[in-house]
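Visitor: Dock chain B against the given chain A, drawing on the hints supplied.
Chains as they are written, first to last, in this note's numbering: chain A, 1 to 262; chain B, 1001 to 1259.
Don't read these hints as lab results, they were simulated from the structure.
There may be inaccurate statements among the hints.
As the list claims (entries may be wrong) - Covered stretches of chain B (chain A as the covering partner; in silico rule of three or more C-beta atoms under 8 Å from a C-beta of chain A):
no., segment
1, 1017-1030
2, 1098-1106
3, 1116-1125
4, 1184-1196
5, 1201-1213
6, 1233-1243
Heads up, the beta-carbon is just placed ideally off N, CA and C, and yes, glycines get one too.
One letter stands for each residue in the lines below.
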Amino acid sequence: MNHAASAAAATATGAAIGRRVTIVRVVIIAVILIGWEALSLSGLLFRDVVPSLTAIGRAIGRLLANTDFYANLGITVGEIGVGLLIGGVCGLATGILLGANRFLSRAYEAFIYYLGPTPKIIFFPVMIMWFGVGSGSKIAMGALSCFFPIAISAASGMRQIDRVLIRVGQSFRASTWQMVSKIYLPAMRDPVVNGVRLGLGVALIGTLLAETKLSNRGMGYLIIQAYSTFDMPKMYALLIVLFVLAIGANALIGRLSRTDLR
Amino acid sequence: MSKSPLKEWMASRIGARSIGAMTVLVLIGMVELAIRAGIVNRFIVPLPSEIIVAIPRIIVEENVLHRFWQTAQEVLWASLLLAGVGIPIGALLHRFSIMRLACETWVGALAAAPIVLMYPLFLVIFGRSATTIVMIGFAAGLAPVILKTLEGLAGTRQVLLNVGRSFKLTASQQFWKILLPAALPTVFVGLKLGLIFAMINIVGVEFLINFGGLGQLINELAERYDLPGTYGAICFVILTSIVFFDTTERLERFLRPGA
Chain A
1 MNHAASAAAA
11 TATGAAIGRR
21 VTIVRVVIIA
31 VILIGWEALS
41 LSGLLFRDVV
51 PSLTAIGRAI
61 GRLLANTDFY
71 ANLGITVGEI
81 GVGLLIGGVC
91 GLATGILLGA
101 NRFLSRAYEA
111 FIYYLGPTPK
121 IIFFPVMIMW
131 FGVGSGSKIA
141 MGALSCFFPI
151 AISAASGMRQ
161 IDRVLIRVGQ
171 SFRASTWQMV
181 SKIYLPAMRD
191 PVVNGVRLGL
201 GVALIGTLLA
211 ETKLSNRGMG
221 YLIIQAYSTF
231 DMPKMYALLI
241 VLFVLAIGAN
251 ALIGRLSRTD
261 LR
Chain B
1001 MSKSPLKEWM
1011 ASRIGARSIG
1021 AMTVLVLIGM
1031 VELAIRAGIV
1041 NRFIVPLPSE
1051 IIVAIPRIIV
1061 EENVLHRFWQ
1071 TAQEVLWASL
1081 LLAGVGIPIG
1091 ALLHRFSIMR
1101 LACETWVGAL
1111 AAAPIVLMYP
1121 LFLVIFGRSA
1131 TTIVMIGFAA
1141 GLAPVILKTL
1151 EGLAGTRQVL
1161 LNVGRSFKLT
1171 ASQQFWKILL
1181 PAALPTVFVG
1191 LKLGLIFAMI
1201 NIVGVEFLIN
1211 FGGLGQLINE
1221 LAERYDLPGT
1231 YGAICFVILT
1241 SIVFFDTTER
1251 LERFLRPGA
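Chain A extracted, bound-state conformation (with noise of 0.2 Å):
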């Protein structure tokens, strides 16, 4: 009885602070619009700096009617995807390769450790002189960025393999490939997703800022584009979009990793 009483008390204190956070969100949500519209309205920035929100709620409407918007979405998307596909079993490759020896791990994991943290963006210039300046030095771009990530959480996760398992895929004598497809990658499933998050991240960041520096379409084009003829209300609409479609891709792979544990 007593038990039942304390888990009404904490359910009910748990949704009275849930109501709470739902008005604090609402209020912090109202006072950034209204603050934005009335910087928009006072003119203290230069004419156009802040559009208005119905503007930019205009331009996001006209950005999902415009069927150039998804051609160049389409462009940006599969760019993006042969990138992360190259560079992840690639990245993927080497991890395995990292972690499972160790001589390996110690004479070349470090050059991966270091050049992680470089900015790949610098690495344009040569990927236009080896691929051309169409969708290959973008994809490029994409397969290196998302590497570096890949391949440091896959050689992190195949140190973590619990022994056992590899000793039970040696006794049955399984081959490299039975190893890697039915016993290193169901084992080190958690550090790859995690690494394909953070590689999905840099690669769009990596394919949309060369798209931004050369190209003639594309996502990073068309925020290039709305820059130079200073149509402001259509970059915010961009930016906007492009952001929900990060944020919640990046949130999707987190939900179908921790759905596939349950």
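Guide: Positioned in the frame of chain A, the structure of chain B alone reads:
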């Protein structure tokens, strides 16, 4: 049966690292041979020997040390902003738990957002200047500083807080004498992450808007089609970021000896 000395040396950490370094040198030698043999187009990949020769040239002619100082100043300003804004926001979110519950997931989402893509917007607001670059670096590094400050303050051991209460410390004294010193190692991890994000984005935006220090150098050399110079400048930036990353790692180990 004992191992041969060569195998023992290879198995040692120094031996393995030496082999790693030698592999890189062999690869560079192979690229040199492939270009000289005409297998690789020298108008796409310059000779490694030309790149090595170009490095002293770009250091002198392109004023690399001045550019390095420009980038370092931008990183320094961004780091000051990160410490001055990120840590107080983290502390405020810790102080008001309802704000923390309301905003922590938003800050997490901010960490996953590709903030650097807002650089055209920053260009419109701040102009093509160092302020844009510093503000992008600051915005990109803010989320980890807030999250780690919050984590550090929330992770303070209860016994320390109880000691503070038993001495009847005020809220301000509790913060400055108990909470902040206990959270400092985690706060430093956040600052380190923020600094790395800031540095990556600062060099990236310098390259993209062709303004500032090392990033601009690469862009200018690439636009002049000075291939050995471009590759040399990229090597210099990689070296700089390695030194920067290694220094922050060592600082972290120094400040958190047990970690």
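Visitor: All hints, please: hold or fail.
Guide: How the hints compare with the structure:
| no. | hint | result |
| --- | --- | --- |
| 1 | 1017-1030 | holds (count 5) |
| 2 | 1098-1106 | holds (count 5) |
| 3 | 1116-1125 | holds (count 9) |
| 4 | 1184-1196 | violated (count 1) |
| 5 | 1201-1213 | holds (count 5) |
| 6 | 1233-1243 | holds (count 5) |
Consistency with the previously given hints fails for number 4 only.
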